[in-house]
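Student: Listed here are the chains, written in short residue letters.
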Amino acid sequence: MSKEEKKVNRRDFLFTASYTIGAVGVGAVIWPMIDQMNPDKAQQALATTEVDISGIEPGKSITVLWRGKPIFIKKRTSEEIAEARAVKLDDLPDPQKDEDRVKDGKDEWLVMLGVCTHLGCVPLKDKGDFNGWFCPCHGSHYDVSGRIRKGPAPTNMEIPKFEFVDSNTIKIG
Amino acid sequence: MSEQEYVPKSKAGKWFNDRLPLLTLGAHLTDYPTPKNLNYWWTFGGILTFCLITQIVTGIVLAMHYVAHADLAFASVEHIMRDVNYGWLIRYIHSNGASMFFLAVYIHIFRSLFYGSYKSPREVIWIIGLMIYLLMMAAAFMGYVLPWGQMSFWGATVITNLFSAIPLVGDSITTWLWGAYSVDNPTLNRFFSLHYLIPFLILGLVVLHIWALHVPGNNNPVGIDIKKPSKDTVPFHPYITIKDAFALLVFMIIFAGFVFFTPNVLGHSDNYIPANPLVTPAHIVPEWYLLPFYAILRSVPDKLGGVILMFSAIFILFVLPWLDTSKVRSAVFRPIYRQFFWILVIDVLMLGYVGAMPAEGIYLVLARVGTIYYFLHFIVVMPVVGYLEKTDPIPMSISEPVLNGGAEPSLARKANDKV
Numbered sequence: 001m002s003k004e005e006k007k008v009n010r011r012d013f014l015f016t017a018s019y020t021i022g023a024v025g026v027g028a029v030i031w032p033m034i035d036q037m038n039p040d041k042a043q044q045a046l047a048t049t050e051v052d053i054s055g056i057e058p059g060k061s062i063t064v065l066w067r068g069k070p071i072f073i074k075k076r077t078s079e080e081i082a083e084a085r086a087v088k089l090d091d092l093p094d095p096q097k098d099e100d101r102v103k104d105g106k107d108e109w110l111v112m113l114g115v116c117t118h119l120g121c122v123p124l125k126d127k128g129d130f131n132g133w134f135c136p137c138h139g140s141h142y143d144v145s146g147r148i149r150k151g152p153a154p155t156n157m158e159i160p161k162f163e164f165v166d167s168n169t170i171k172i173g
Numbered sequence: 174m175s176e177q178e179y180v181p182k183s184k185a186g187k188w189f190n191d192r193l194p195l196l197t198l199g200a201h202l203t204d205y206p207t208p209k210n211l212n213y214w215w216t217f218g219g220i221l222t223f224c225l226i227t228q229i230v231t232g233i234v235l236a237m238h239y240v241a242h243a244d245l246a247f248a249s250v251e252h253i254m255r256d257v258n259y260g261w262l263i264r265y266i267h268s269n270g271a272s273m274f275f276l277a278v279y280i281h282i283f284r285s286l287f288y289g290s291y292k293s294p295r296e297v298i299w300i301i302g303l304m305i306y307l308l309m310m311a312a313a314f315m316g317y318v319l320p321w322g323q324m325s326f327w328g329a330t331v332i333t334n335l336f337s338a339i340p341l342v343g344d345s346i347t348t349w350l351w352g353a354y355s356v357d358n359p360t361l362n363r364f365f366s367l368h369y370l371i372p373f374l375i376l377g378l379v380v381l382h383i384w385a386l387h388v389p390g391n392n393n394p395v396g397i398d399i400k401k402p403s404k405d406t407v408p409f410h411p412y413i414t415i416k417d418a419f420a421l422l423v424f425m426i427i428f429a430g431f432v433f434f435t436p437n438v439l440g441h442s443d444n445y446i447p448a449n450p451l452v453t454p455a456h457i458v459p460e461w462y463l464l465p466f467y468a469i470l471r472s473v474p475d476k477l478g479g480v481i482l483m484f485s486a487i488f489i490l491f492v493l494p495w496l497d498t499s500k501v502r503s504a505v506f507r508p509i510y511r512q513f514f515w516i517l518v519i520d521v522l523m524l525g526y527v528g529a530m531p532a533e534g535i536y537l538v539l540a541r542v543g544t545i546y547y548f549l550h551f552i553v554v555m556p557v558v559g560y561l562e563k564t565d566p567i568p569m570s571i572s573e574p575v576l577n578g579g580a581e582p583s584l585a586r587k588a589n590d591k592v
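Chains as they are written, first to last, in this note's numbering: chain A, 1 to 173; chain B, 174 to 592.
Please keep in mind that the hints were generated in silico from the structure rather than gathered at the bench.
Each residue gets a CB set at the ideal place from its N, CA and C atoms; glycine is no exception.
Treat the hints with care, since some could be wrong.
[Unchecked claim] Which stretches of chain A does chain B cover? Using the computed rule of at least three CB atoms under 8 angstroms from a CB of chain B, they are:
no., stretch
1, 12-26
2, 58-67
3, 88-102
4, 152-158
[As the list claims (entries may be wrong)] Some chain A residues flagged as far from chain B (calculated, every beta-carbon gap over 10 angstroms):
no., residue
5, Lys7
6, Glu50
7, Trp109
8, Thr117
9, Cys121
10, Arg149
11, Thr169
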């Protein structure tokens with residue numbers, strides 16, 4: 001035995017080849033078992049929503065459901081926009097300009113995922129230390145631009161992909 | 174086991190036993206030599222077996238009436254409560270049974286910590302036990318989601334979002350867990366499937382847990398190795414079975430007290446509101462048995478850090494047998510460690526309390542102090558005390574202290590001093 005140990009013989013090759021093919025086969029069968037848990041086609045089909053925004057007064061906001069998650073649509077007053085833009089980027093845990101969170105020329109419309117980036121609760125509007133949103137679960141404070149200011153949330157509230165279909169309608173997704 | 178070969182009395186029994194030695198197994202379990210000084214803290218293994226079987230039986234029955242669909246789940250649970258014959262009783266046994274299960278398992282774990290049952294040669298028993306504990310938490314969490322009330326929905330949202338803290342792949346993992354872009358019908362459906370599976374996995378691990386226990390045999394309150402069988406042991410049946418049965422009876426009285434008099438006291442009233450993805454309840458609280466870990470999670474002002482610390486709090490227990498450097502098992506003979514043990518008990522109870530409170534002000538301070546002590550206990554106190562502590566003299570056998578004047582371990586020490 002000890003003499004043959006170093007030499008790779010035909011049997012060693014067959015073992016290795018069999019194990020390799022076996023591993024590939026097992027992997028090929030396991031992948032469908034794992035991937036079936038990802039969102040199915042019916043879930044993916046719900047990926048866009050159109051919303052009529054004509055009825056929203058300045059300073060007010062509405063909440064709509066998109067892919068099972070709340071979307072905040074807020075028509076901000078000029079004071080609120082000015083407040084959001086006066087903030088120094090150094091004061092932000094996740095620095096982002098207010099201009100980058102809205103569409104050009106539609107500065108009053110803030111459209112964002114109403115989901116706290118900490119653990120997914122829905123923040124309450126017009127609450128917290130920064131005139132924006134406050135998450136009741138673990139105490140994250142967001143400003144009027146939806147940016148994280150204080151608390152355990154790591155990032156600003158997410159801006160979903162959206163576009164203005166016309167001046168009264170937006171399409172989310 | 175140093176038992177004599179068992180031979181069935183009847184001819185049929187012998188015929189069967191030669192082909193499948195089930196009767197030998199039965200004889201082993203009956204005669205299994207058990208330390209004669211086991212106290213009532215040792216009865217929780219039997220109580221836990223009872224809890225598992227109760228959950229499985231009531232769960233199978235509930236699944237005959239429950240509908241795992243986001244639109245129907247809440248109504249079907251109310252249907253069980255109002256329409257199904259004795260449905261209220263079966264559901265209350267199942268929901269309170271989860272709490273009783275955890276109550277028993279926490280006593281069981283702390284008993285092991287006090288008497289050093291996790292130490293050599295019982296490390297594998299301990300690790301299998303922790304795996305059971307982890308599966309219990311998974312089963313309890315998913316079971317709590319099934320009624321699809323507000324706490325179900327938001328509890329599921331918060332817990333699954335823990336995984337989004339993982340760098341790079343976190344969001345993909347969370348979406349994969351959900352089967353949707355938020356907690357939704359696919360999530361409920363798979364949670365039901367897994368909730369039904371896990372108890373049977375636990376059952377399998379329980380068999381391994383007991384198997385691993387029967388190799389070295391039970392630890393005991395004085396924590397010394399004993400000869401088996403000897404005058405230090407008694408057969409499992411009838412001595413231990415009758416003691417276990419009495420403890421179980423007392424436990425069932427407490428259990429029945431919850432089921433019949435305050436069936437909702439351990440739950441949360443918000444869970445009688447149907448799930449609403451647009452509104453988060455003002456105070457999200459997990460079930461009481463997860464509160465200490467929740468407090469640890471919230472004590473860290475960083476998302477990933479909090480999640481890592483919370484999981485570490487559980488996984489550190491897996492290396493406990495190697496963190497404890499003391500040669501002496503039972504805390505009865507460890508005057509210093511014994512005090513730290515009780516500090517740990519108070520610490521965990523305090524973490525549980527602040528976990529139920531809002532994460533602000535004094536509660537946040539207490540949560541941080543409690544978290545720091547929790548980790549210090551295992552990482553610093555256990556190895557260091559094990560080295561420095563001067564332990565009390567250990568008796569030579571279980572019979573010795575008994576014969577010298579009493580079963581009290583404190584008396585045993587005095588008796589031992591004279592020798």
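Student: Give a verdict on every hint.
Tutor: Hint by hint, here is what the structure shows:
1. Remark: the stretch 12-26 of chain A is not confirmed as covered by chain B, as 0 of its residues place a Cβ nearer than 8 angstroms to a Cβ of that chain, below the required three.
2. Only residues whose beta carbon comes within less than 8 angstroms of a beta carbon in chain B count, and the stretch 58-67 of chain A has 3; three or more means the coverage holds.
3. Remark: the stretch 88-102 of chain A is not confirmed as covered by chain B, as 0 of its residues place a Cβ nearer than 8 angstroms to a Cβ of that chain, below the required three.
4. Note: the stretch 152-158 of chain A has 3 residues with beta-carbon separation from chain B under 8 angstroms; the three-residue rule is met and the coverage holds.
5. Even its closest Cβ contact with chain B, about 40 angstroms, leaves Lys7/A beyond 10 angstroms, as expected for a residue assigned away from the interface.
6. No Cβ of chain B comes within 10 angstroms of the Cβ of Glu50/A; the nearest lies about 17 angstroms off, and the non-interface call holds.
7. The claim that Trp109/A is not at the interface with chain B holds, since no C-beta of that chain comes within 10 angstroms of its own (minimum 20 angstroms).
8. Remark: the non-interface label on Thr117/A conflicts with the geometry, its nearest Cβ contact in chain B lying 8 angstroms away (cut-off 10 angstroms).
9. A cut-off of 10 angstroms between C-beta atoms contradicts the statement that Cys121/A is not in contact with chain B; the least separation is 4 angstroms.
10. With a cut of 10 angstroms on Cβ distances, Arg149/A stays outside the contact zone with chain B, its closest approach being about 13 angstroms.
11. The claim that Thr169/A is not at the interface with chain B holds, since no C-beta of that chain comes within 10 angstroms of its own (minimum 21 angstroms).
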